[in-house]
Structure formats: structure tokens, C-alpha cells
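Using the sequences plus the hints, can you model the full thing?
These protein sequence lines are chains A and B, in that order. In the working numbering, each residue's number is its place in the first sequence (first place is 1) plus 150. In the working numbering, each residue's number is its place in the second sequence (first place is 1) plus 150.
Hints listed in this document are in silico derivations from the structure and should not be mistaken for laboratory results. From the three backbone atoms N, C-alpha and C, an ideal C-beta is built for every residue, glycine too. Honestly, I wouldn't trust all of these hints.
Claimed, not checked - With a straight-line cut-off of 25 angstroms between C-alpha atoms, the simulated DSS-like cross-links for lysine-lysine are:
hint: 1; chain 1: B; residue 1: Lys400; chain 2: A; residue 2: Lys400
hint: 2; chain 1: A; residue 1: Lys548; chain 2: A; residue 2: Lys246
hint: 3; chain 1: B; residue 1: Lys548; chain 2: B; residue 2: Lys246
hint: 4; chain 1: A; residue 1: Lys400; chain 2: A; residue 2: Lys214
hint: 5; chain 1: A; residue 1: Lys500; chain 2: A; residue 2: Lys433
hint: 6; chain 1: A; residue 1: Lys548; chain 2: A; residue 2: Lys155
hint: 7; chain 1: B; residue 1: Lys500; chain 2: B; residue 2: Lys598
hint: 8; chain 1: B; residue 1: Lys400; chain 2: A; residue 2: Lys396
hint: 9; chain 1: A; residue 1: Lys155; chain 2: A; residue 2: Lys246
hint: 10; chain 1: B; residue 1: Lys548; chain 2: B; residue 2: Lys239
hint: 11; chain 1: B; residue 1: Lys400; chain 2: A; residue 2: Lys155
hint: 12; chain 1: B; residue 1: Lys554; chain 2: B; residue 2: Lys239
hint: 13; chain 1: B; residue 1: Lys239; chain 2: B; residue 2: Lys400
hint: 14; chain 1: B; residue 1: Lys239; chain 2: A; residue 2: Lys279
hint: 15; chain 1: B; residue 1: Lys396; chain 2: A; residue 2: Lys400
hint: 16; chain 1: B; residue 1: Lys554; chain 2: B; residue 2: Lys433
hint: 17; chain 1: B; residue 1: Lys554; chain 2: B; residue 2: Lys155
hint: 18; chain 1: A; residue 1: Lys155; chain 2: A; residue 2: Lys239
hint: 19; chain 1: A; residue 1: Lys239; chain 2: B; residue 2: Lys279
hint: 20; chain 1: A; residue 1: Lys396; chain 2: A; residue 2: Lys214
hint: 21; chain 1: A; residue 1: Lys246; chain 2: A; residue 2: Lys400
hint: 22; chain 1: A; residue 1: Lys155; chain 2: A; residue 2: Lys400
hint: 23; chain 1: B; residue 1: Lys155; chain 2: A; residue 2: Lys400
hint: 24; chain 1: A; residue 1: Lys155; chain 2: B; residue 2: Lys396
hint: 25; chain 1: A; residue 1: Lys400; chain 2: A; residue 2: Lys433
hint: 26; chain 1: B; residue 1: Lys554; chain 2: B; residue 2: Lys400
hint: 27; chain 1: A; residue 1: Lys246; chain 2: A; residue 2: Lys396
hint: 28; chain 1: A; residue 1: Lys239; chain 2: A; residue 2: Lys400
hint: 29; chain 1: A; residue 1: Lys155; chain 2: B; residue 2: Lys214
hint: 30; chain 1: A; residue 1: Lys433; chain 2: A; residue 2: Lys246
hint: 31; chain 1: A; residue 1: Lys500; chain 2: A; residue 2: Lys598
hint: 32; chain 1: B; residue 1: Lys155; chain 2: A; residue 2: Lys214
hint: 33; chain 1: A; residue 1: Lys433; chain 2: A; residue 2: Lys396
hint: 34; chain 1: B; residue 1: Lys155; chain 2: A; residue 2: Lys396
hint: 35; chain 1: A; residue 1: Lys155; chain 2: B; residue 2: Lys155
hint: 36; chain 1: B; residue 1: Lys155; chain 2: B; residue 2: Lys396
As the list claims (entries may be wrong) - Just a few of them, taken from the derived set where beta-carbon distance is under 10 angstroms, the chain B residues facing chain A:
hint: 37; residue: Lys155
hint: 38; residue: Glu160
hint: 39; residue: Ile222
hint: 40; residue: Pro317
2 protein chains.
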Amino acid sequence: MTQTKVLLDESEIPTHWYNVVSDFPNPPAPPLGPDGQPIGPEALAPLFPMALIEQEVSVERWIKIPEEVREIYQMWRPSPLYRAHRLEKALGTPAKIFYKYEGISPAGSHKPNTAVAQAYYNRQSGINKLTTETGAGQWGCALALAGQMFGISVRVFMVKVSYDQKPFRRSMMQTWGADVFASPTDITNAGRSILADDPDSPGSLGIAISEAVEEAASRDDTNYALGSVLNHVLLHQTVIGQEAQKQFAKIGEYPDMIFAPCGGGSNFGGVAFPFFADNAAGKNVRLVAVEPSSCPTLTRGHYAYDFGDTLGMTPLLLQYTLGHDFIPPSIHAGGLRYHGDSALVSQMYKEGLIEAVAVPQIATFEAGITFARAEGIIPAPESNHAIRAVIDEALRCKESAEEKTLFFNLSGHGHFDMASYDMYFSGELVDYEYPEVEIERALHNLPKVAAG
Amino acid sequence: MTQTKVLLDESEIPTHWYNVVSDFPNPPAPPLGPDGQPIGPEALAPLFPMALIEQEVSVERWIKIPEEVREIYQMWRPSPLYRAHRLEKALGTPAKIFYKYEGISPAGSHKPNTAVAQAYYNRQSGINKLTTETGAGQWGCALALAGQMFGISVRVFMVKVSYDQKPFRRSMMQTWGADVFASPTDITNAGRSILADDPDSPGSLGIAISEAVEEAASRDDTNYALGSVLNHVLLHQTVIGQEAQKQFAKIGEYPDMIFAPCGGGSNFGGVAFPFFADNAAGKNVRLVAVEPSSCPTLTRGHYAYDFGDTLGMTPLLLQYTLGHDFIPPSIHAGGLRYHGDSALVSQMYKEGLIEAVAVPQIATFEAGITFARAEGIIPAPESNHAIRAVIDEALRCKESAEEKTLFFNLSGHGHFDMASYDMYFSGELVDYEYPEVEIERALHNLPKVAAG
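Right, dumping it as C-alpha cells:
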């Protein structure tokens, strides 16, 4: 029989995370404080343990993964690499399509790769409470799971529109012992200020981050954990791409193009960064970040210093942004709704080291259903973005009779997103092109320090 | 690091299904027709393709798995065998606990093991439409998936109370292209007759089977598929136990006791039957079927000939039964609500070859949450029954300082059952002991032919 999955032994779980900064042609821009001056590690100490702050600014190429973290990784890692034989056949493409499936983690996505690491380092530093935000719920679930593994209690501020749309993500977090709040709440200053302006606010990731950061910053025993964007988060995700490299080597294949959904960048960074190392060593694999056209951060945003949250409580990072006051349209069904992007991914895009493409919502669900009917697995809406781009490329290969090898990260399953699939089936989903006037507006609303 | 998962290569997917009848000390009782006489294969021909009818009555020890079926199995098989290190530690037990995890199938349970086989043989015989019933939704999803893989359109009659409680199981079936109806419907005579008596009927598996069988029997191009109970269904599930045997052999372990949830018997048969072969060859592993105390078929039912469906459209099978007119209490949150049981499992229980235990509902959710907080994976409510029994045994081992090796089938994940977990968290779940008066009543309502 033809091989479908490439598996690795638990002993082949990577022993180190790969730090992409070590292969950057130019050093990353420093984070700035409210005064426009570069901040030191101490500015982050109220929120993060020192081990993570060190990783955030590290230029070391390899950072050792603690054994305690690798032991938890064993719950689901190494994840399988699939050859999408049936999808190729359904498309009639000469392209070879591979995907790494991260949905087998208990939380159903790639997010536990960093959640477990963050919980571990916080526990090591004596912290027993963590706050965080979650949008679609994948990250909140991952941190709830990780907190439970290390005896840390977790409070999750969940974007209200998702809290209402996805009650079972909340139940899942509760099963792992976390407390979950619909954000904006009335238990933080940040939440109350938003509700004062708009009592019916659907919330946003930026608002939920403000609430979680406020809670962590105001309590000594509490830290904050972020599910994407920051350097150390993307670092932890590089186990995905490293495993894929071993898996491709086992079957004598290598990708021509790699696709991943891109919101804050952890999904994309996780799968693409280790292959960027190959590029730095002479390979030439194209790395494509795929984002929604309703939140086109890389493809249409401004490259500027901006806050990570809506209320301006975080340091400023140089990034592609739609403005920290961005509120995503409620009609958008999946995740990937963050106004900004990882500084590392942003710099790579700015310098032409990676590519980006934006895809409309309905087409992503069409792609996800095509995938599910061929390969069985029902993908998360975020993952459908990568699948859309892969199918488009596979169909181009069909036109041009090219036998490219395409690889994407199937970052999660869609079991908690069936309401979005229902909207697609019932014709309720609409496409939404982010308006030019809002892009223009954002330019004027960027923090003034950005000009400095 | 300590090994957590025992994996197999795709080449180690079993090549044959194991037929437990070949090791029976006594031949199985024949199915009877409405006249009380044994029926021949032709009586089943309106519903099933001949290949499956032959498997139903086969006494061959090994039945070859078609390559086309093994290819689809590769989507998720072989499934991992886990050592539950963290659960053992949480319980403080000297027992070793292992589980086979079938929730990694695209449909989230063990059910596709037979759905794929049934879809294949139907397709081979020229059938392009299948009907079926589903309770909790696992089976309907599995057949929807399998139908999609072989180009068969699938109609699912879903027990109304589950249809309402689990809308996302319906969406999942639709994603794989199936049509789903809340049973009882007004599109079959069976459904209409039930609704005439009780317009608010919550439905039952027995009613849904009547509807699906009626549809299949009345159309030449349509067959029927059953997700449990029948011999060929349990046969297909034996890939689970066979893989587990290879996995235990790889690590030099062997179970003392095996636990599986038992509704219609496919879950239990799948994991336990191959080990029964070991017992027949001199081993002595205890095989324990775990059922809900609200539907205590094996532990309190009558061993008698009874129908498989509520309206009496199926042949009569000798089985443990609570009566074919059994309506499970709506307060019961999980699956395992079938009035009867596999004839094979029933005979083995009657002859003392296996054991059975009934557990109350709330205790199963407590066990599931203990498991999720230790091992990460959130189990299906059905699986929680096995987990309850395993934890009870592990705690007994703690008392007696016995280092038993316990093994159970984690038959599915609970991603579509979070509403039931919510009911547990909110204190809405209640325990329900099936009343003695109902057991007595059932005895009088058994088909008269049973006496003959």
C-alpha cells in the first residue's frame, strides 16, 4: 500500500527550539517603551518570568527544551506528516501535497506547543496564576490544559463574540480547571472603559489582551501568557517545522512551497522558520503566510511601531498593523483576527524573505470542505486559509503541469467551529474586504512615537 | 524520558479481522424470523450486501481485510497505545494503566473501523445509498465519512433528543455530505406511527433503526448499515485489539484486565475479542464490559430472543435485552442507550467467558474529568464508563498493593459532548437506576416466539 502518514518516535521529538533571529540578515528592531526609547528586560518582568524574557531577546541559534516540557509534548508529539493522496486525486493535480497535523493535541491545535513551555517556566519561577486572552478559543484551551499539567490556575478573557458563538470552547477550558470570562468584562479598568463607550461591544483580541495584562500587572502572584506574536512564542512552535524536516528526510522529499495561516504568526513561524534556516544555508523553499482578506495585516497593513493591545498597555513593537484600535467584523467566522503580527514575521516580510497572500472567507470554507471530503479531517477555519492557498497553487500546477511539492500546516481541527460551517452551509457567511478608508484611518491613529 | 505512546507503522495495520465465533465453546444461536424459525442469508439480502451477510454467519477464524479498506484505515490507524503515567500518579496506584486511543479517527471514535468496511462492501455490490440511525452521533458521523470515501450518499436518522442536544454532530455529518433527520420523522411509516402515539417523542435508537430499516427495505438501490450489535460489525472492530496485542508485545507487557464501554457491543468486542483468542489459547485476561446503570442490559436484562428495533422489523436475536420497546431516560447524557446487546457478547456473558459491571452516570463524568486533568484528552461520555471502572480497579489495587496491568479502550473524544460536561459542572446531571418494575414489564413484553 502507498504510505499515507510519516511517523516519528517519541525519541525524535526535537531537543531544542530553533531561534530564527540567529539567521536574520539584519537584527530585529527593539521594542520601545511609552517614551519611544528601547526597553530593557526589566520592563517585561511584571508579566513574564525571566527565562521567557531571555528567550524573547535571545540571539542564540538553539535553545534547549526542558525535559519536563518534552515529557508533556509526548502526549501528542511527534505529530504525523500526511501525504494528501486523496486530495491530490480530487484536484487532479500533478503537485504532491503534504500536511503536518497538529489537531491531535488534546486542545485540538498547535497552541499547546508554547502553552506547555510557558506554564513550565512560570511554574519554575514560583508563579501559580496566569491570565490570558483568547479569540476563537484555541489558545485559551491550550493554556488551560498546560496550566492543569503544572498546577497553575488560569483565568481566560475570551472575546465576547467567540464566547457566545463557541460555548463549548468555554466548557473545554473549564474541564481543565480554568476560569473563563466574556471580554470586555466589568472586572478590569480596561473592560469597564470599553463598556462605558459601547455596552454592546463584541470585544476584540486587543481588548482581551488589555484586560489580561492589567490583571497580571496588578498582582504579584500572577503572570500573563500570550498565545502568539512574541518571539518566544514563535520559538516554541518551531518543533513543528523541525519534525517535518525529519519526516521529509525519511521519505526523500522536500517542499517547494510551505503555507500556513497567519494571524499573530505562531502557526506560520512554527512550521516555516526551521525551513528558513535551510534557506539561509542555501535551499530555496518559498514560505507563504496566508491571512484573511477581512484582516489583511501583512498584505495591506502599515509597517510601523504599534501597541499589541487596544488600550496601549504593552510595549511598542515594529510590525505590520491595521491599528491597535482595530475591531474585526463580527461576520468573520474564524480566528486570525489580530490587528498586528509578529515582529519577526513582519520583518521577514518587509525584507522579502517570505511571502503573504490574503484570501476571502467563503473560499476558505469551500477549501475546508473539499479537504474534509477527501482527507476526512475537518479543519479549523484558521487552517482553511492555508488549505485555500494550497489548493489554488495545486490547481495552478495542474494548468502548468508542474510537479511541485506543497506543504502546509493543518494547525487544528474544526470540532469547535461547526457553527461556522453551519453558517457556510446556510449561506449566511459573507465575504468582507477590509475597506481602504480604514487602512487610511489606522495610519493617523498609530502611536505618535512611531514617527520618532 | 519514559515512553508514553507505543506506535506502530502503517504496515502493521492488521491484514485480517478476527472472528471470535471460531473460538466459541458453543455455536451461536441462530437468528429467527417472525415465525420463530431460523432465517437464512436471503432474509437479510434486502438490507445488506452478500459479503457482509457471509461475514455475519461465518465461522472462519480470519477474514481478509480488503486493501481498499486498509488504505482508508491509514487515515488514522494504527491508533496509539498510551501508558497513563500521569493518571497512575494522580491516583497513587501501583497498577499500570494503558489505553488505546480511537478518538484520532476523523469522526472522533472507533466507529469508522466498521463504517469504512460496510461502505466498501456496499459499493462493491453496486449500492450507492445507505440509511442508518445514530444516537449520540458517533456512528452517524462515521458512516457519513465512510460514505463520502466511497461515493455513497448517506441518510441518517438521528435520535431526536441527541439531534437537539448535539447540533454540531449534525453539522459534521453534513460536512461529509450526509442528510440528517431528527427521528421520529414523518417520512416513514414507523416514524409516523410513533408520532401518532406521542408527538413529543424524544426518540430512541430502536425507533431510529425502525425508520432506517424501513427506508432501506423499501428501495432497491438503498441498503442499511448498523453501527454495532451485529456479528460483522464487531468483527471489523477487532483491528483495535489486534493492534493492542502487537503494541503490548513491543514493550513486553500484557494486560490482566481489559475494560470497554458496552452499548451494542462493538467497542467492547473490538478491543476484547482478540484477547479472548489469547484466553482460548491458555491466557487468562479478564474482559469487563462496562454499561450505564440507567441502561443495564447485560447486568440486569433478560437473556431472550428479542427484536433489534422498536417496531419489530428486524429478525429476532438471542441476547440480553431490556425489551425492544425500551425508551432510555432523557436525562442520560451519553450513548450506550440501546435496549439490547450483541448476540456474541451476550452469549459470552451468559457462559461466563466475560464479566460486566454497571456504573452510575455522575461517577462516570467524575472519572472523565479526573482523566482529562491528568492525561489531557477529554473523553467521550461513553468512554468515561470504562474509565470509571478502571479507576475503581486501580484504587482497589492501591488498597491491596497489587501491580495489576489494566487496559481500556478510549473509544472517542468528547469534543461534541461538552454540553453533557456542562450539565455535570452545573449540577444538572442526576443518577438514574433503571427500575425493577420496568425489568419485570419487559419480561412480559418479549416477543412470544421467544418461548418457542
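### Message
Check the structure against each numbered hint from earlier and tell me which ones fail, lowest number first.
### Response
Result: no hint breaks.
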